[in-house]
Structure formats: C-alpha cells, structure tokens
Amino acid sequence: MPSLFKAKLLSNGRIVLDLKENPQAEALQARGYGEKTGEILQLQPWEALHLLSEETITVVDELGETLSFETLLERLSAGDETLWSKYLVFRDLRTRGYVVKPGFSPELPFRVYERGGYGREPSKFLLLPLREGEPLSLEKLERALQTAKAAKKELVLALVERRGEIVYYSLSQFA
Amino acid sequence: MGEVFKAQLVENRLIVWNPEEGRRLYSLGYYGKPLGISKPKSADFNVPLILDLLEGFYLAEKGVLKVYANGEELSLTQLRRRALKTYKDFRLKYQVYRDLRDKGLIVQPGIKFGCDFAVYKQGPGLDHAPYLVQVRKARELVDAADLVRSGRLATTVRKRFIIALPKPKGQIQYLIFKWWKP
Chain P
0 MPSLFKAKLL SNGRIVLDLK ENPQAEALQA RGYGEKTGEI LQLQPWEALH
50 LLSEETITVV DELGETLSFE TLLERLSAGD ETLWSKYLVF RDLRTRGYVV
100 KPGFSPELPF RVYERGGYGR EPSKFLLLPL REGEPLSLEK LERALQTAKA
150 AKKELVLALV ERRGEIVYYS LSQFA
Chain W
0 MGEVFKAQLV ENRLIVWNPE EGRRLYSLGY YGKPLGISKP KSADFNVPLI
50 LDLLEGFYLA EKGVLKVYAN GEELSLTQLR RRALKTYKDF RLKYQVYRDL
100 RDKGLIVQPG IKFGCDFAVY KQGPGLDHAP YLVQVRKARE LVDAADLVRS
150 GRLATTVRKR FIIALPKPKG QIQYLIFKWW KP
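Going down the list, the protein sequences come from chains P and W.
Here the first sequence is numbered in numbering that gives the first Met the number 0, starting from 0 and rising by one per residue.
Here the second sequence is numbered in numbering that gives the first Met the number 0, starting from 0 and rising by one per residue.
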C-alpha cells in the first residue's frame, strides 16, 4: 500500500483518519484496521504505531506537527504504560498474517482471527500478554481461561521477553 | 479387584515385601516401583515393591491396601497424619493425585522431569511421553520466565505441560499449556 494516509492524533489521545480526506483508507478497514464511525476511521494506538512504522500513514498532532514513531510512542504511552509490549505482540501477529482486533478488557487486549478468517468467521483466539518479570496470579489466569471459554475462543498467553522476543502458549482445560 | 494387599511403613515409604503380591498390585495400574529396577519392562520382577505415600494412601483409601507399622495395622487417620508430617504439601498433592487416578490415568512421580507428576494414559513405556503436571496454589504468582522454564522442560518430552490448581471445595482446575507457534 504505497499511498500515505494522513492520520491525526487528537488531544484526547485518539488517532483518527478522516475518510473524506483519505478515501482510499477504507482499504485499511478491509484489512482489519480501525473502527469506522461515519466518515472517521479510529485507529488503536498499536495499529497507529504499526502503520506508521510501515509507512502506510503519517500522523500529525492538532498543531499540525508531523510526529515521528518515537514521539507518537511517547505520547501514546502516557495513557498506557504497557503499550510497547502490546505493540510488539500486535506487530508480531500482524506480520505473520493474523488480523488482530481489540479484546474484551485491559487484561485481554486482543482477539485474533485465524489466518484468512477475518470477515468470514468469529475471532478464534484471545490473547493475554505477559511481560517478562511481571507477576500473574494463577487465579487470574484461570479467570481469563473461563472468559475465553465463555466466548468460545482459545486463550493464548504471549510471553514478551525483555528484549521483545515472544513465546506463545495456548491454554486449555481437561474435558 | 477384591484382593487386599499388605505393606509395611518404613520411613515415608510403604513396602510390599511379598513379590507375588507386589506383582499383582503393580499390574493394577503401575502402582509402586520394584526395588532396584528403575524401568520395569513388565510385572515379572521378583523383588519387594516400594510405594510412595501418595499411592499408598490412595490404595488404602480404596480399601486395597492395609498398612502396618511395628506389627500393627495403621488406620487411615494415622496414615494421613504420618503423610502430612513427612510429605510437603501432601494435602494438595494428594488431592490432585487422587483426581488423576480417579480419571483412570496412570500417575507416576515427576521428579526426574522437575515436576510433581508424570501422567500417562496407557502406562510408562506404552505412551509416547507423559504429561507433566505441577501442583500449584491458586493465589500463587507466576511470571513469564517461570512458565517458559516449565514449557521448555515439557517440550523436550511432550508439547504440553499442566498446572493443577486444587480448590478448597475439592474440585481441581487444570491449566493445560501447549506451545503455540503463530
């Protein structure tokens, strides 16, 4: 996708694409990016970072200043201290051909579609990122498993190592 | 079944001295380990059978095993007291052991794999590899390195490992981890 779309970082931290100004940006939505409301495509922070790093979009702030990846990351991280890890997981799955949409809660930030399944079937996985060193109670893990089960999805734990390597484990229960 | 076996409590082990009895007990579901034979190929050994307290207590609870110490039969309560004293987290581990056995699985010590239990569907030597089970407490905290360590260990054997969480009300939650390659 060579054309560069212009996204805007609003003062409330939202990143939006005006579809009237960027008519071809609808293609982004078809690829599983953003949430469309009227003529506005709103991007998740990790989506914006990923699209910016791929040079699919440029991001300007409300003063019209074009933001570098570093600046955007810094500004968005103010509202989410685990954004970097989320971005790493998002990017990893996205570049492997998975469509990744927002999940159910801050603990379960992503739902993931089977390759080629987006738009045809419900998402198959629910992701729980865990950063190296971050403690997780087994109780919480168990609750996440129940949530996934109730939603008929598979729970996948994404262990993000301190330099960004990711190891995945899928979780299930005894029948 | 019907037969009731006899074992002597020695330290924190139970010994079935009669090899004939031991062979029959072993054949019931890989209970115990023939003394000095680390990987028994079949139940044709001619040595005493050593049971650990988990399997011993399980068999005693089922009425299959009578346990003696100093020439006197021990009650279940006495045996439990002994187990609680000599076996760390006996209550939790036994809760899981019993549940897995009651599910019809073959449960062996997992110490050589660095976990609590190595669990087989058919039996050691028959299954391709065991499932590795760790007993943990629900309020315990884990971190990524903790899980990767367990995972690495298990993936050298089988592509999954299991954390068992015994609940106060008696039911057990099993979390089955499987390496996932996106």
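A couple of the hints might just be wrong.
[Stated by the list, open to error] Quick list of simulated restraints, FRET-style, between CB atoms: (1) W:Val9 with P:Gly116: 40 to 46 Å; (2) P:Gly116 with W:Ala128: 30 to 36 Å; (3) W:Arg12 with P:Ala150: 46 to 52 Å; (4) W:Ser37 with P:Ala150: 30 to 36 Å; (5) W:Trp179 with P:Val59: 51 to 57 Å; (6) W:Val63 with P:Gln172: 40 to 46 Å.
No lab work stands behind these hints, which were simulated from the structure alone.
Since we're looking at a predicted model, the values are computed, not measured.
Virtual Cβ for every residue (Gly too), placed ideally from N, Cα, C.
Going through the hints against the structure:
1. Against the hinted window of 40 to 46 Å, the Cβ-Cβ separation of Val9 of chain W and Gly116 of chain P comes to about 60 Å, which falls outside the hint.
2. Between Gly116 of chain P and Ala128 of chain W the CB atoms are about 32 Å apart, so this pair conforms to the stated range of 30 to 36 Å.
3. The hinted window of 46 to 52 Å between Arg12 of chain W and Ala150 of chain P holds, with their beta carbons roughly 48 Å apart.
4. The supplied range of 30 to 36 Å is broken by Ser37 of chain W and Ala150 of chain P, whose beta-carbon atoms lie about 46 Å from each other.
5. The beta-carbon spacing between Trp179 of chain W and Val59 of chain P, approximately 38 Å, falls outside the hinted interval of 51 to 57 Å.
6. The given range of 40 to 46 Å is broken by Val63 of chain W and Gln172 of chain P, whose C-beta atoms sit roughly 30 Å from each other.
Hint compliance for this structure: hints 1, 4, 5 and 6 are not met, and every other hint is.
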